[in-house]
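From just these sequences and the hints, can you work out the full model?
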Amino acid sequence: MNDINRSLRTAAETLPTRAPADLDRALTERATHEGLLDVAYASVDSPVGALTVAATPRGLVRIAYSGFDDEVLGELARKLSPRVLEAPGRVDEIRRELDEYFEGRRTDFELPLDWALTRGFGRAVLRETARIGFGHTSTYADLAGRAGSPRAVRAAGNALGSNPMPVVVPCHRVLRTGGGLGGYTGGLERKEFLLRLEGVLV
Amino acid sequence: MHVKLPPFQVLLDEHRADVYRFLVATAGPGEADDCFQETWIAALRAYPKLRRADNLRAWLFRIAQNKATDAHRSRARRPVPVESVPERPVWPTIADGEPSLWATVRGLPPKQRTAVFCRSVLGMPYAELAALLESSEDAARRNVHEGLKRLREEWTP
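These protein sequence lines are chains A and B, in that order.
Here the working numbering is used: the first residue of the first sequence is 1, the next is one more, and so on.
Here the working numbering is used: the first residue of the second sequence is 1, the next is one more, and so on.
Honestly, the hints are just simulated from the structure, not real lab data.
Errors might be hidden in some of the hints.
[What the hints assert, rightly or not] Residues from chain A that face chain B, not an exhaustive set, calculated with beta carbons under 7 Å:
id: 1; residue: I4
id: 2; residue: A31
id: 3; residue: L36
id: 4; residue: V72
id: 5; residue: L73
id: 6; residue: A77
id: 7; residue: P82
id: 8; residue: T139
id: 9; residue: A141
[Stated by the list, open to error] Take a look, some chain B residues computed to stay more than 10 Å from chain A by CB distance:
id: 10; residue: Y20
id: 11; residue: D33
id: 12; residue: P110
id: 13; residue: A139
id: 14; residue: R142
[What the hints assert, rightly or not] Now the in silico label distances, taken between C-beta atoms and shown as ranges:
id: 15; chain 1: B; residue 1: D70; chain 2: A; residue 2: S149; range: 55 to 61 Å
id: 16; chain 1: B; residue 1: R152; chain 2: A; residue 2: R30; range: 37 to 43 Å
id: 17; chain 1: B; residue 1: R77; chain 2: A; residue 2: G120; range: 53 to 59 Å
id: 18; chain 1: B; residue 1: S74; chain 2: A; residue 2: E110; range: 46 to 52 Å
Keep in mind the model is a prediction, meaning the values are calculated, not measured.
Glycine included, every Cβ here is placed at the ideal spot set by N, Cα and C.
What follows is the structure, given as C-alpha cells:
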C-alpha cells in the first residue's frame, strides 16, 4: 500500500496550497446577500492603535482596542451569533466616520448603533453617555442620575467600563466628580488623547 | 444544551486551504471553485444549529464531500458532444496539467474517494474519518483499504 500512498502524497504536492483570494470576497458577498452574515468585523487603523470593529445588519455593535482580537470575536460568537466573518467592506461606513473623527473633521457620529451587547441599567447609562456632545464632559454621578438611579454611581462606572462601543459612545467624556480623569477601558493614555483631540485637555 | 461554537471565521481560516485542495482533487479543478462556495455557504447556513462543537472538521468535510458528489452527478447528466461513442466511459477526465492519479481518485465511489484523500493526504485519524463518513471506525478503515486497493488496480502512472 505504501507505493500508492506515496504517489498520493506526491500528487498532493501539485494541488494549490491555498484557495484563490477572490473566492473569499465572493463568499462574504453571497453570505451578505443571503442574510447569513450575522456579525461582520474588520480591523481599522486609528491614532489610538488598531481597532477591531464589528457590525450586525442593524449597525455598529462593537469597537475594541487592539490586542483583544480572539477574545473579542469569541465574545461576539457567544453573545450574538457564531456566524462571525471578517468582511472589511461591511464596515466601510464606520471606518469613514472614525477616520473623519480622528482627523478632526467630524464631531457627531451618524452611523446606526446596535445595542445588543448592553442591557438594563448599563444600557440606560450608555445611551445617556451617547448624548454627551463633542468637547463636553459629564460625571459618573450625573450619568447615574440621568439613567434613573442617582445613587448607583458605582454601577454607572461599571457600565462605562464595559462600554462595547468606545469612541462612538463617548465614555471618555465621563470624568470623576471634582475633575479627576477616572478610568478608561482602553487605558488612561487613550482617554487623554481623545480629550485632547476634543479640546477638553490642553 | 448550549454549545460554544467558535467564530465561523476561525473555521474558515483553519480549513479553507484543505477544503479547497480536497475539492480540486475529488471534484476536479473545473468544479472546485463552485463546490468551495457551495460548501461554505451550506456550512454557514447550518452552523448556528449545530449541537456539538467537536469534530467540526469532519462536519465540514462531509458537506464538501456532498457538494463534490452533487457536482459529479450534475456533470454526469450534462451531455457532452463527442465525435464517436467511446467504448469506455470518458469520465473521469484528466484536467490539463494535473496528475492522472486524481482522475482515478474521482472514479472511486464517494466514500472511498473521501477516505483515501483524508487519510493519505491529510493524515486524518480513523475516529475523525468515521465521524465524517457517519460510519464505524472499522467501516472507515475498509473504505480507505478498498479505495487504495482500487487505485493500485486502476491507476497506471
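(message) Would the hint on L36/A be counted as holding, given a Cβ-Cβ threshold of 7 Å to chain B?
(response) Holds, about 5 Å.
(request) Return holds or violated for the Cβ distance of D70/B and S149/A against the range 55 to 61 Å. (result) holds (58 Å)
(request) Return the status of the interface hint for I4/A: holds when the least beta-carbon distance to chain B is below 7 Å, violated otherwise. (result) Since chain B brings a Cβ to about 5 Å from I4/A, closer than 7 Å, the hint holds.
(message) Does D33/B clear chain A by more than 10 Å, comparing its Cβ with all Cβ atoms of that chain?
(response) violated (6 Å)
(request) May I ask you to test the hint 37 to 43 Å on the CB atoms belonging to R152/B and R30/A? (result) Hint holds: Cβ distance 41 Å, inside 37 to 43 Å.
(message) Confirm or reject: A139/B is not an interface residue toward chain A, with every Cβ-Cβ distance exceeding 10 Å.
(response) holds (18 Å)
(request) Decide, holds or violated, for the assertion that all CB atoms of chain A are farther than 10 Å from the CB of Y20/B. (result) Not fine: 4 Å to the nearest Cβ puts Y20/B too close to chain A.
(request) Mind checking the CB of A77/A against every CB in chain B and telling me if the closest is under 7 Å? (result) Hint on A77/A: holds, closest Cβ of chain B at ~4 Å, below 7 Å.
(request) Measuring Cβ to Cβ, find out whether R142/B lies farther than 10 Å from everything in chain A. (result) R142/B is indeed farther than 10 Å from all Cβ atoms of chain A, at 13 Å.
(message) Hint validation: A31/A versus chain B, beta carbon distance must be below 7 Å. Holds or violated?
(response) holds (6 Å)
(message) Tell me if the interface restraint on V72/A is satisfied: Cβ within less than 7 Å of some Cβ in chain B.
(response) violated (9 Å)
(request) Indicate whether the distance between the beta carbons of S74/B and E110/A respects the range 46 to 52 Å. (result) Check passed, 48 Å falls within 46 to 52 Å.
Violated hints, in rising order: 4, 8, 9, 10 and 11; the structure is consistent with all others.
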